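If you read the sequences in order, they're chains A and B. Counting in numbering that gives the first Met the number 0, the final residue of the first sequence is number 306, and the numbers go up one at a time with none missing. Counting in numbering that gives the first Met the number 0, the final residue of the second sequence is number 453, and the numbers go up one at a time with none missing.
What the hints contain is simulated information worked out from the structure, not anything from laboratory work. One or more of the hints may lead you astray.
Listed next, with one range per pair, are the computed distances between beta-carbon atoms [what the hints assert, rightly or not]:
1. Lys439(B) / Asn254(A): 50 to 60 Å
2. Pro357(B) / Ser14(A): 19 to 29 Å
3. Asn38(A) / Lys448(B): 16 to 26 Å
4. Ile363(B) / Ser14(A): 27 to 37 Å
5. Tyr405(B) / Asn21(A): 53 to 63 Å
Not the full set, but computed from the structure, chain B residues with beta-carbon under 10 Å of chain A [unchecked claim]:
6. Ser1
7. Tyr3
8. Asn4
9. Thr15
10. Lys19
11. Asn213
12. Arg214
13. Ile215
14. Val216
15. Glu217
16. Ser222
17. Val223
18. Lys224
19. Arg444
20. Glu445
21. Lys451
Chain B is nowhere near these chain A residues, computed Cβ spacing over 10 Å in every case [claimed, not checked]:
22. Gln1
23. Asn8
24. Glu64
25. Leu67
26. Ser133
27. Asn190
28. Glu196
29. Asn234
30. Leu249
31. Glu294
32. Glu299
As the structure is a prediction and not an experimental result, all values here were calculated from the model. Ideal placement from N, C-alpha and C gives every residue a C-beta, glycine not left out.
Spelled out from the first residue to the last, the chains are:
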Amino acid sequence: MQNIIHVRNVSKSFSNHQALSNASIEIKEGIVFGLLGPNGAGKTTLIRILNQIIAPDSGEIMFKEQPLSAEDIRHFGYLPEERGLYKKMKVGEQALYLARLKGLSKQEANKRLKYWFEKLKIGSWWDKRIEELSKGMAQKVQFVTTIIHEPSLLIFDEPFSGFDPINANMLKNEIKELKEKGTTIILSSHNMSSVEELCDDIALINRSKVILQGNVEEIRHSYRKNIFELSFTGNHEEVVTLAQQHYHILKSIQNHHIHTITLQAKGSVAENDLLKIVVPHVQVLSFKEVLPGMEEIFIENVKKSQE
Amino acid sequence: MSAYNFFLVFQREFSTRVRKRSFIIMTIIGPFLFAAMILSPLLLATYEEEELKNIAVIDSSHLFINKIPETKNLKFTYIQTDKVQEKLKTFNQEGFWGVLFISHNVTYAPNSVTLYSQSQPGTSVKYHIEESLKKEMERQLMYTNKLYDLEKTIQAIKSHVNIRIVQIEEGGKMKETNDTLAMIVGYASGFLIYFFIFLFGSQVMRGVIEEKTNRIVEVIVSSVKPFELMMGKIAGIAAIALIQFTAWLLLTVSFITIGQKALFPEISLSETNKVVAQDIMQKQQPTQTVINIQSQAIDDKTAKMKEFYTAMNNINFGVIFGCFIFFFLGGYLLYAAIFAAIGSAVDNEADTQQFMLPVTIPLILAIYVMINTMNNPDSNLSFWFSLIPLTSPIVMMVRIPFGVPYWQAGLSMGLLVVTFIAFTWLAARIYRTGILMYGKKVTYRELYKWIKYK
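Construct all of the structure, not just a fragment, from the sequences and the given hints.
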């Protein structure tokens with residue numbers, strides 16, 4: 000798959016701190032890419048550099064294998080973390096203005112806005128002023144103005160912060176839909192469950208450096224700790240005794256007559272071995288490997304890089 | 000810079016402002032406010048207390064009995080008494096506002112006249128009494144010195160001199176000018192520029208702060224360059240300013256015309272025509288210019304008016320208007336860039352104070368120099384301040400109606416343009432960093448660092 004964005008050795012420093020040092024990231028076309036990292040790690044700086052709001056001190060950005068140019072901004076959609084609208088302007092007028100700034104003609108912008116306003120059921124707000132809308136309503140307007148020019152790359156900085164659950168869900172669904180249409184999406188987030196749910200690839204930034212990047216599933220597999228979860232009905236004691244020879248029992252839960260135990264292999268064992276031991280004695284309902292969550296990996300890596 | 004983006008920003012700034020109710024109201028009532036601003040100090044200065052003051056006069060010298068003229072609110076009652084001290088205790092109950100005591104040695108001893116009162120008399124009361132006593136004393140001294148007809152003689156030899164000022168331009172062309180008129184035109188345009196820079200410059204600042212606090216600015220600068228956004232805003236507000244100025248000018252001219260017709264119907268066109276006709280006749284018969292004291296005295300007022308009229312004709316309002324627009328735009332653009340930079344560096348209007356001082360000082364200074372310039376348009380002070388770009392829009396505008404050498408006007412304009420470009424460049428560098436900074440108290444050192452960022 001072609002890279003839509005290639006960040007090459009980008010560094011940026013402000014008067015008294017290094018925001019990015021020698022960061023390199025590759026983002027494939029058509030995926031949802033998660034930019035993770037604690038506050039102040041350099042995510043927003045990178046995002047602003049991608050949007051050409053600020054310039055890097057060194058390094059370069061490639062967009063579709065070409066050095067990023069000023070015109071490319073037409074193909075970008077950006078929803079910053081600090082997002083707002085002109086309070087005194089009317090919704091429609093403002094959406095039209097923002098769409099035209101992205102290069103749409105007045106007629107085209109009008110047509111597309113009407114479509115999106117209908118789709119999100121906000122058509123009746125057209126002549127209202129932003130200050131008359133609730134925060135959630137304004138978020139919908141912001142979302143529409145971000146995607147109205149059908150960008151090939153969408154960048155959301157902390158999209159879920161400040162969104163109410165209903166709008167956050169709407170946003171998730173729209174992101175999935177946009178991805179299906181072929182749009183590449185970069186999102187920075189603290190919300191690890193949404194990262195796991197939405198992102199194909201991620202990059203983890205801490206203290207201006209990229210400390211981890213790759214495919215979410217691959218990363219989770221590479222951090223596997225041979226932990227399994229087994230659900231069964233039957234003699235609980237017997238299973239525990241048998242399993243303890245090769246496994247540590249981490250957790251054991253009983254719900255009615257269903258037992259669920261979480262266990263970690265003492266050495267490297269094949270998954271089937273456990274099943275071979277227990278199957279003759281109990282009725283196995285489910286068996287799966289427990290992969291570490293992104294949250295865990297995130298915290299572990301951030302801690303490691305700070306040591 | 001993308002011209003299209005600039006245009007879109009310009010259009011938004013212009014159209015949202017021009018539709019504002021406050022803009023429409025200000026456009027209509029502006030001339031009234033101006034008139035009030037100019038007239039109210041005059042009215043206040045000439046304001047007189049209406050209260051009637053009855054003053055008891057105890058004249059030990061007997062020289063001034065019934066001699067002090069009464070006015071609308073000053074009455075004098077002459078009292079014969081030796082018991083001054085007692086009078087001072089009771090005058091209030093007797094309905095007197097104060098007691099004027101004139102000592103018997105008034106003709107040769109200073110400080111021999113005293114005005115006692117419970118409240119502080121205004122300067123006009125003191126002045127009136129002083130002048131009246133002085134005049135009466137002088138009159139009586141004339142008689143003592145046997146100068147009986149002196150007063151009449153003085154009246155007879157009183158002369159009127161009114162100097163016509165004629166400037167000889169390069170090439171020998173003569174032009175009649177009028178200092179008062181040049182002063183009025185200069186003062187008005189200098190003051191207007193000062194006022195406009197503050198009014199519309201701070202609108203730019205407020206606009207920038209608004210975009211920052213609304214958190215819209217980052218969305219915008221992901222579509223347009225910060226420089227385009229800044230310049231679009233500055234230009235949009237400049238267009239608003241020009242429209243407002245034009246509207247004010249038209250309204251003021253029509254108000255003056257209407258007001259003149261209603262209040263002073265005698266100063267009509269026919270009158271001025273007569274004056275001009277006279278003027279032409281005089282020019283046709285230069286040999287007959289006989290100095291006639293009597294006729295000159297009668298025509299004193301008309302002569303002044305005639306001079307004013309000729310000077311009006313000689314002032315090149317086209318040039319002044321052109322210069323005004325140039326210096327207004329130049330000054331506005333220079334300061335608007337600074338105002339935009341200030342707005343970008345702060346989170347709210349309250350934080351602007353520390354950065355406003357360097358903007359306010361040159362403008363206030365320009366106003367002080369302007370007052371000096373009106374009396375002395377070619378002084379060194381005026382010369383330099385009309386070249387320094389931060390003050391030149393105001394000071395040069397005051398000098399122009401008096402006539403300024405071309406090279407000075409040109410140099411001043413050139414310097415203004417160069418400085419405005421330099422300041423805009425600097426301001427844009429502060430602006431593009433400042434708009435993305437939140438919740439940080441910014442220092443001058445910080446601003447300097449922002450300028451140096453890549």
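With 10 Å as the cut and Cβ atoms as the points, is Val223(B) at the interface with chain A? The hint holds - Val223(B) has a Cβ within 10 Å of chain A, the shortest such distance being about 6 Å.
Against chain A, run the beta carbon of Lys19(B) and see if the smallest gap drops under 10 Å. With Cβ-Cβ at 9 Å, under 10 Å, it holds.
Tell me if Glu445(B) is really an interface residue toward chain A, meaning its C-beta lies closer than 10 Å to one of theirs. holds (7 Å)
For Gln1(A), is the shortest beta carbon distance to chain B beyond 10 Å? At roughly 24 Å from the nearest Cβ of chain B, Gln1(A) sits farther out than 10 Å, so the non-interface label holds.
For the range 53 to 63 Å, tell me whether the beta carbons of Tyr405(B) and Asn21(A) fit it or not. holds (59 Å)
Could you let me know if the closest chain B CB is still more than 10 Å away from the CB of Asn8(A)? Holds: least Cβ distance 16 Å, greater than 10 Å.
Over 10 Å to the closest beta carbon of chain B is the bar; see if Glu196(A) clears it. holds (26 Å)
Restraint outcome when Ser1(B) is required to lie within 10 Å of chain A by C-beta distance: Check passed: Cβ of Ser1(B) comes within 8 Å of chain A, closer than 10 Å.
No chain B beta carbon within 10 Å of Ser133(A)'s: holds (16 Å)
Interface hint status, Tyr3(B) versus chain A (Cβ within 10 Å): holds (8 Å)
Just to be sure I understand the hint, the distance between the Cβ atoms of Pro357(B) and Ser14(A) should be within 19 to 29 Å; is that true here? holds (22 Å)
If we take the beta carbon of Glu299(A), is the closest beta carbon in chain B still more than 10 Å away? holds (31 Å)
Violated hints are absent here; each numbered hint is respected by the structure.
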